[in-house]
Amino acid sequence: MIRFDNQVAIVTGAGGGMGRCYALELARRGARVVVNDYGGDMFGRDAGAAAVADAVVAEIRADGGDAIASNLPVGAADEARAIVAAAIEAYGRVDVLINNAGISASGALTAVSDERIENAYRTNVIGPHHLTRAVWPIMATQGYGRILNIASNAALGMGGSSAYAASKSGLIGLTFDAAKEGAALGIHVNALMPSAYSRMIEAVPDRTFIDWMREQLPAESVAAVAIYLVSSEARATGAVFSTGGGRLARVAWVEAEGVIERDVAPERVADLIDRASDMSGATLVDSQQAEIELYMRAFPMADGRVAKTLPASAFAKPRPESQ
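For the sequence shown, our numbering begins at -6 and goes up steadily by one.
These are calculated hints, taken from the structure and not from any lab test.
There may be inaccurate statements among the hints.
Keeping only pairs whose Cα atoms sit at most 25 Å apart, straight-line, the calculated SDA-like set for lysine to any residue is [stated by the list, open to error]:
| no. | residue 1 | residue 2 |
| --- | --- | --- |
| 1 | K173 | E108 |
| 2 | K173 | R261 |
| 3 | K173 | P130 |
| 4 | K173 | A263 |
| 5 | K173 | R243 |
| 6 | K173 | Y137 |
| 7 | K173 | D264 |
Quick list of the computed label-pair ranges, beta carbon to beta carbon [what the hints assert, rightly or not]:
| no. | residue 1 | residue 2 | range |
| --- | --- | --- | --- |
| 8 | A51 | A177 | 46 to 52 Å |
| 9 | A133 | G166 | 17 to 23 Å |
| 10 | A51 | G274 | 53 to 59 Å |
| 11 | G85 | A55 | 22 to 28 Å |
No experiment lies behind these values; they were computed from the predicted model shown.
Note that CB positions come from ideal geometry on N, CA and C, so glycine has one too.
Working from the sequences, and respecting the hints, build out all of it.
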């Protein structure tokens, strides 16, 4: 049985919906949980309802678990550091971070206000980035950590939700890059695209669709995958999974075999674009190195090597910025 005894988990946006499910299940399995929720609505307004996080903490304690509440919003470096500091003060370590907090910014591309766009970015990607940075040295020192970023299939685009889509795409990019950096440190980073009923679904005008989501894709149905991915048994890192209602599938980038024609003119591209778009020979591309490898196969190095990754010299670390 998967257990989290002696582990500490931070779950953001844990005052309701999927976040609450993650927090409750972690606690049931022995984790001490920092339940973070600033108590606002799904658009990032009306912050300050401390009772939201407090209620989940009360549930956990009533069931014999251990939890504390954090009522801070996510979206700024100071807030991220304070959330993590609260975990350290209370429990002395952090093993699990679930970046679940998210807000909506739906509307036509030019119709959404500047404030709503910026709030979505702050909560959906800037906050998780800062929280990841805040727990990183702790997890690195421990030689162990699990980070799960709750993304969305909105990242694939649908129209009418550009800020939300872009912020969730950014969260996936953060997942990919942090996973590469964390591999040598014992830190695994993955992303989850849950399809489940939440308060955001209530904004959809189709009542039949809302009822279908509530009945077929309850919030509880995604918790099992999330809990597994933040457990010590999970070996995956740098992966994105889609889940809901008992369905589980990996989501990945693939790249077509493409065409090669040197010194091509813009007019010639029109003739090549369909062949370049043929996905029948597509290759899984799970890192920047893997994508560059496709070019190295096409254009071998002078000494004939075709490396599976870029040579180490290509990854020379830039000098730190002057303080």
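* To do: Starting from K173, check that the Cα of R261 is at most 25 Å away, please.
  => violated, 38 Å
* Under the criterion that the straight-line Cα-Cα distance not exceed 25 Å, is the pair K173, D264 satisfied? -> With a Cα-Cα distance of about 38 Å, the restraint between K173 and D264 is violated, given a limit of 25 Å.
* **Cβ distance range 46 to 52 Å for A51 and A177, holds or violated** => Violated, at about 40 Å.
* Should the hint that A51 and G274 are 53 to 59 Å apart at their CB atoms be regarded as holding? -> Hint holds: Cβ distance 56 Å, inside 53 to 59 Å.
* Sort out whether A263 lies within 25 Å of K173, counting only the CA atoms. => violated, 37 Å
* Assess, step by step, whether the Cα of K173 is no farther than 25 Å from the Cα of P130, and give holds or violated. => Cα-Cα ~15 Å, so holds.
* Is the straight-line distance between the alpha-carbon of K173 and that of E108 25 Å or less? -> With a Cα-Cα distance of about 33 Å, the restraint between K173 and E108 is violated, given a limit of 25 Å.
* Asked: Is the Cα-Cα distance between K173 and Y137 25 Å or less?
  -> holds, 14 Å
* In this structure, is the beta-carbon distance linking G85 and A55 contained in 22 to 28 Å? -> Once the Cβ atoms are compared, 24 Å apart, the range 22 to 28 Å for A55 and G85 holds.
* Below or equal to 25 Å on CA atoms is what counts here, so check K173 against R243. => Holds. K173 to R243 sits at ~18 Å (cutoff 25 Å).
* In this structure, is the beta-carbon distance linking A133 and G166 contained in 17 to 23 Å? -> holds, 21 Å
Violated hints, in rising order: 1, 2, 4, 7 and 8; the structure is consistent with all others.
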